[in-house]
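Visitor: Each chain is listed here by its residues.
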Amino acid sequence: MFPIISFEWVWDMSHIVFMGGLWYALSVIGMGMTWCIIKAVVDTCQGNAAGHHH
Amino acid sequence: MDSALIPKGVKRCPLPKFAIGISAVGAVLLWGVFAMLLCWFKGLNQTNMNDYYGFALWIWADLAVIALGGGAFFTGFLKYVVGKDELKNIINYAVLIGFVCYSSALLILAIDIGQPLRGWFIFWHANVHSMLTEVAFCLSCYFGVLTIEYLPLIFENRQVDKVPFFHNLSHNMHEIMAVFAATGAFLSFFHQGSLGGVAGVLFGRPFAERSGLFIWPWTFFLFTWSAAACGPCFTLLITKMTEAITKKKLVKDNVVDLLAKIAGWMLFTYMVAKIADTVYWAMVTTPENGFAIGEFYSNWFYNYWWLAAELGTGAVAAIILVTRAGRHNKFSFVIALISAVICVCLNRWVMVLQVMAVPVMSFDTWALYYPSWQEVATTILPVAYGIILISISYRYLPIFPQEHELNSVE
Amino acid sequence: MKEEGKHGKANKFGMVIDLDKCTGCGSCMVACMSENNVSFKEDESDKRLSITWMKVYRITNGKKFPDAEECFLPRPCMHCEGEHSGHSPCVSVCPATATDYSTQTGIVSQIYTRCFGCRYCMAACPYHARHFNWWDPVWPEGMEKFLSPNVSPRMRGVVEKCSFCFHRYQLAKDKAYMDGRREIREEEYQTACTQACPAGAITFGDLNNKNHKVYKLVKPDNKHHGKPRNPHAFRLLERLKTNPKVYYLSSRDWVRAAGDNYTVEEKRKGITSGSGSGH
Amino acid sequence: MKIDRRCFLSLGIGAAAGTALSPLPWKLMDDSSIWSQMWPWTPVPEDGEYTYVDSVCSLCPGGCGISVRKVNDRAVKIEGTKDHPVNDGGICGLGVSGLQLLYGPTRVKSPMKRIGERGEGRWEKVSWEIAISAITRELKELRAAGKANTVGAITGSGRGTVPQMLKRFLTAYGSSNFFTTPTIQDVYAEAFKLMHGKDAVPGFDFEKSTFVLSFGSGLIDGWGSPVRMIRANSTWKDNGTTVVQVEPRLSNTAAKSDKWITIKPGTEGDLALGIAHVIIRESLNSKKFVDNHANGYLGAIDASGVFTQGFKELIMSSYGPDAVEMRTGVAGSDIVALAKEFATARRAVAVCGRGQGDNPADIKEVMAVHALNALVDSINQPGGVYTVKAPDYIKWADAEMDSVAGEGFAQERFSGITDGLNALFISGANPYYTMTDTTAVKKVLDQIPMIVSFSSFMDESAAQSDYILPDHTYLEGYRDVVAVNGLMRPVVSLAQPVVKPQFKSQSTGDVIIALANSLEGTVAKSFPWLNYQQCLKETLDSMGPEIQKNGFWVDKKAAAETGDKNFGTASGKFEFTAITDNTTPAESGGIPKLSSIELAGDKASYPLLLIPSDSLRLANDTIGNPPFMVKIVEDMILKGKSSFVEINPDTARKYDLKECSEAVITTPVGKATVMVHISESIMKDVVAMATGLGHTAHDKYLAGKGINVKSLIATVQDPLTGYDVAWGARAKLTKA
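Chains as they are written, first to last, in the working numbering: chain A, 1 to 54; chain B, 1 to 410; chain C, 1 to 279; chain D, 1 to 736.
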């Protein structure tokens with residue numbers, strides 16, 4: 001699953017494409033959630049109640 | 001008693017009545033849990049699977065619920081990526097149903113594998129050439145996405161929403177939901193396809209084998225396509241059922257009609273592709289392997305009726321859903337939704353169970369199988385779980401934005 | 001072969017089974033079980049739940065009495081090479097790399113402690129060469145004494161299959177190394193079934209080595225995925241392009257025809273030779 | 001400090017994140033997978049030093065050399081010994097499974113005394129001293145009461161030191177009732193006595209034959225020395241030898257043969273004579289042999305002027321192809337073609353003994369088949385059949401007999417073990433399972449006041465006995481193993497301990513010596529050896545050093561010399577009279593009856609013929625199938641606990657039976673519920689059933705599975721030999 005530390009890993013196209021896609025998706029999700037949480041913490045600390053989103 | 005938790009402006013049945021209903025379904029759930037524990041502690045000898053039938057009811061259930069849960073990614077795709085904004089009125093429910101389906105799929109997989117404690121090897125020792133690896137990765141990631149899409153709904157519960165952090169978090173998540181939804185659609189496209197690939201790449205199994213594009217057999221695309229077509233139908237069917245049970249209108253007709261129309265055209269084009277694929281497979285792929293497709297349907301159980309039923313239900317559903325009159329007639333509309341659901345379930349059944357049943361070596365024999373009660377119970381388990389989760393969510397969360405408007409409480 | 005060109009020394013171990021000689025006695029099956037610590041349970045009469053790395057099929061010509069003929073067909077793992085190196089039906093689908101194709105030996109391995117029991121490989125294998133441990137293997141008290149340390153007993157919930165007695169290859173390699181040799185000799189690495197077969201019906205060796213008996217028996221066309229050039233030799237399901245490394249010899253036409261599937265049209269035209277239609 | 005909701009939440013999230021980032025969950029995951037790789041109940045075989053011990057297998061009379069792989073003191077694998085004269089590296093499944101017997105749950109772990117009802121399975125472990133003194137007490141009483149001759153013993157082949165010691169023990173004790181378990185080899189020996197005037201067993205030079213005509217012999221299904229026969233079969237394939245199998249069912253042997261001739265079961269002898277008819281008619285027989293070396297080939301007028309028909313006249317008058325076709329169901333044209341092929345083949349041989357040849361056959365049938373070898377002069381010729389002298393290396397002085405022994409021994413010998421013995425010793429035999437009409441046999445044997453079993457395993461006979469004095473298995477002790485089964489060159493091998501005795505067993509040889517010593521007097525004096533090992537060593541010393549060095553000794557001089565035409569008969573010639581004597585005249589134009597053998601039951605009530613079918617996958621003799629062997633039994637032989645019968649689709653239609661349905665098979669002596677397997681590989685109106693099933697003893701892997709076909713077969717005695725020659729049973733099938 002990880003380059004270098006996983007012994008099945010080989011530097012071939014399929015690994016790079018597959019794992020690249022995977023890590024890309026994971027990063028988007030991860031960064032998105034991180035942004036949401038951090039912003040929520042900041043907003044909460046600042047006492048800003050966000051408006052209703054509908 | 002629990003009125004503080006119930007969304008504002010909507011009416012729910014009394015708690016005792018709700019509790020009784022939940023307990024009834026809960027009993028079924030417990031039966032499933034018992035069977036699940038049997039499988040975990042005693043092993044897969046609790047099933048009727050065997051060395052000819054390594055993939056059986058569970059894998060079908062997995063493939064079926066994932067296809068049916070496809071309503072979540074496709075509706076999300078339509079709303080956030082294509083920009084069909086009306087669909088915001090049904091997206092919550094699509095997400096919820098998707099969440100139920102995907103969590104069920106993961107649970108079934110966890111029961112299905114012989115060594116559940118090593119399940120994570122699929123990630124750790126991933127073989128990127130395996131369709132199942134792709135399924136596992138995208139499935140788990142997309143389940144994460146679904147969770148992210150479902151969470152804000154929980155945060156919108158009247159009591160939870162009072163916590164500023166959750167309120168803010170929910171708000172922020174909604175802000176960038178398009179990013180999540182797009183990622184989800186991307187992941188879904190691959191794992192729905194990979195599930196099709198699971199069967200299509202089996203070049204040792206002429207019944208399943210399909211030619212294709214690069215590394216992807218045609219079933220890869222057909223599975224994604226059929227999930228995009230039939231998933232929303234399932235969402236709509238469950239919506240209609242929920243409306244029937246709650247005796248309330250929950251989603252406006254124009255929303256339903258829009259989704260149904262899109263699903264209808266998806267299904268229509270899918271059926272064209274499916275028939276083309278079947279013809280090519282029957283006329284080219286199969287004879288090359290030395291088989292006549294008649295041999296695949298020569299069993300007393302697995303005969304041409306399966307093919308006819310699959311294509312027939314799909315065609316009926318497609319024709320009804322693409323016509324305005326068909327969609328607007330209540331009866332034909334429900335028939336179409338049911339047909340679409342049956343169509344995709346039959347397809348998944350055939351692509352799992354019939355694949356195993358057909359003899360390949362000339363001197364081999366048909367392998368038929370019927371599931372054990374443990375398999376049936378564990379397959380019903382997610383249904384019970386789904387009913388419970390949907391009921392609770394419906395009761396306490398603002399799933400249907402139009403409910404208040406459509407059912408003004410005096 | 002790509003490997004051949006690169007290293008010049010890659011082996012491609014394979015097996016030739018003479019179906020004219022096989023008497024169906026089942027000795028190979030037992031030798032395999034004994035060699036590889038295969039478990040057994042009280043009732044083994046449901047053959048679809050019975051772990052037999054080597055299984056002898058009884059096939060018939062389908063004719064009526066007294067024209068009926070029968071032939072026995074031992075089926076180990078075919079160690080398929082697939083269309084491109086290592087694209088075996090099973091290896092390509094295993095999600096956890098628990099089964100692998102060695103380009104050095106041509107052997108399809110199975111790592112029991114890596115397998116998590118998804119059974120996708122079983123679904124992929126048209127030969128039913130793979131078996132699942134539906135139960136915990138249990139040896140009656142005392143009987144665990146005959147278990148060989150060369151092959152680890154499997155645990156419940158994993159798939160197992162014939163390994164061409166890979167541990168014997170390792171032992172032979174070790175011995176050759178101790179003797180200061182780089183190559184092992186033909187007779188140093190033989191599978192348990194080959195050794196036990198009273199009929200001498202099984203031959204095992206390196207298909208890349210022109211001096212080995214297996215090569216001489218089938219004359220594999222290694223430029224075309226090892227297709228046999230001996231007209232009496234055939235492989236099971238040649239047309240599926242699994243490219244097995246187990247070859248069969250038979251002088252009977254119907255037996256060779258039973259090795260593959262043919263459409264009615266082909267049967268009418270008489271295209272039922274063991275060598276497949278080759279497209 | 002006030003913990004508000006926000007703080008609590010932060011703590012929670014922090015803790016979760018912290019745990020996730022710490023090695024703990026990863027460690028737990030890893031541990032769980034490692035744990036799943038080593039369930040405590042999955043054994044981990046101990047590694048160690050690898051060694052090989054060469055010995056000999058004695059699970060069947062084949063005499064294969066085995067090389068047992070050991071790791072430390074454990075035996076882990078049995079392989080065939082490379083370059084061994086019998087098996088050259090090959091080995092059968094049963095041979096490989098030997099370790100499951102050695103270490104298996106069927107072992108009798110110490111001397112046992114029955115405490116419950118006979119066969120109830122309640123035992124008391126006793127010491128060797130107690131067991132021997134208790135048995136001695138009984139033996140002394142019987143001897144004192146003048147009933148010494150009512151003590152009997154049954155063994156397997158009777159060859160080798162242990163059976164001979166048992167025989168000697170009985171002789172010294174005062175009984176002539178030592179019985180062996182006869183096989184087709186014994187019938188051949190009787191036939192050779194009559195036709196050759198020689199005390200010999202048959203040695204088939206199969207490897208050199210160019211044409212093999214088998215009358216139902218399961219040549220590759222376990223007939224003779226099984227591995228040797230399978231090797232011979234491969235030689236036939238390499239050399240292009242033609243094999244013709246005459247059998248009502250497509251056995252493995254028939255399936256591998258070049259031609260399968262289907263025949264009404266029981267008429268094989270008639271077919272042989274039909275073939276003889278064509279050979280004689282076409283003058284294809286060896287003129288030299290019948291003219292110079294045969295007696296009774298042509299009829300003769302005796303002193304009183306009465307013409308006695310000779311073999312030729314009998315055959316020519318009654319065994320025309322048409323008549324034989326009527327009797328056997330084999331097409332006349334096939335008979336003619338077969339006869340021509342047989343007679344013109346360079347080195348043809350005819351052989352009989354149904355299936356594995358475990359059961360004796362009608363001697364007339366054996367002689368009829370053997371006559372074919374005589375007609376084409378294949379006797380003592382390459383590729384034919386040789387008269388072989390069985391190894392005779394046991395040269396002990398006669399047992400000492402006191403007056404009681406003399407009196408007892410002089411009494412008339414019993415007809416068999418079912419003839420009213422007072423005590424029975426069972427060694428290397430399992431009569432409770434292997435004798436036909438099992439139920440009746442059991443009833444009679446159960447009347448014997450004292451049964452002593454020497455079995456290493458809890459087999460059916462051990463289970464019914466009063467005392468079990470467990471022998472070492474062949475992997476735990478020394479013993480001599482004699483293989484003659486159809487071999488040109490018999491092999492005597494020395495089994496040596498591969499592992500040390502696993503339980504409190506003792507070599508039966510030692511136990512016999514102990515019993516003799518305990519009986520004192522002349523019985524004790526007849527056993528002058530310190531122990532069995534000494535006895536064995538002294539006995540084998542006579543053979544020279546080869547056996548001690550190689551572990552086996554090949555009797556290269558046992559077979560008659562090629563071309564040997566010295567017959568020991570009164571006429572000095574091959575006796576065709578043995579066949580023509582005692583034939584019953586033809587009934588109205590049909591074929592004369594060679595012998596009076598008739599199966600029990602009438603044809604009207606039992607319209608079908610049940611025949612047992614032997615397979616190398618099902619041990620059907622003294623040793624029962626070990627688990628590995630049960631595992632490879634085909635699913636149309638055994639499914640769950642049910643035996644199958646194999647029938648032709650026509651038969652199935654006639655009795656309205658479906659594939660895998662249940663049916664009841666009834667014979668004059670038994671009845672059983674079986675499953676139906678419909679197949680094109682068997683004749684109409686014939687029902688085949690696998691032997692080797694229906695065990696009541698042994699382990700759970702074998703016991704209670706299927707039906708013992710012997711229990712459905714009535715005993716049929718051949719008046720000429722006294723052997724039970726039942727080859728099947730009349731039967732009926734009904735829907736269950």
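A couple of the hints might just be wrong.
[As the list claims (entries may be wrong)] Below are the DMTMM-like pairs computed for lysine to aspartate or glutamate, each with C-alpha atoms no more than 25 Å apart in a straight line:
#, chain 1, residue 1, chain 2, residue 2
1, B, 248, B, 364
2, D, 639, B, 85
3, D, 27, D, 49
4, C, 145, D, 650
5, D, 193, D, 412
6, D, 500, C, 141
7, C, 269, B, 85
8, D, 671, D, 581
9, D, 639, C, 46
10, D, 237, C, 141
11, D, 113, D, 124
12, D, 639, C, 70
13, D, 658, D, 685
[Unchecked claim] Examples of chain B residues toward chain C, derived with CB under 7 Å:
#, residue
14, 34
15, 119
16, 130
[Unchecked claim] These stretches of chain C come out as covered by chain D in the derived footprint (C-beta under 8 Å, 3 or more residues):
#, stretch
17, 174-185
18, 211-221
19, 232-241
Just so you know, the hints here were simulated from the structure itself, not pulled from any lab data. Since this is a predicted model, take the numbers as computed values, not measurements. Backbone N, C-alpha and C define an ideal beta-carbon position, used for all residues, glycine too.
Visitor: Any of the earlier hints contradicted here, and which numbers?
Guide: Hints 1, 2, 3, 4, 7, 8, 10, 14, 17, 18 and 19 contradicted; others consistent.
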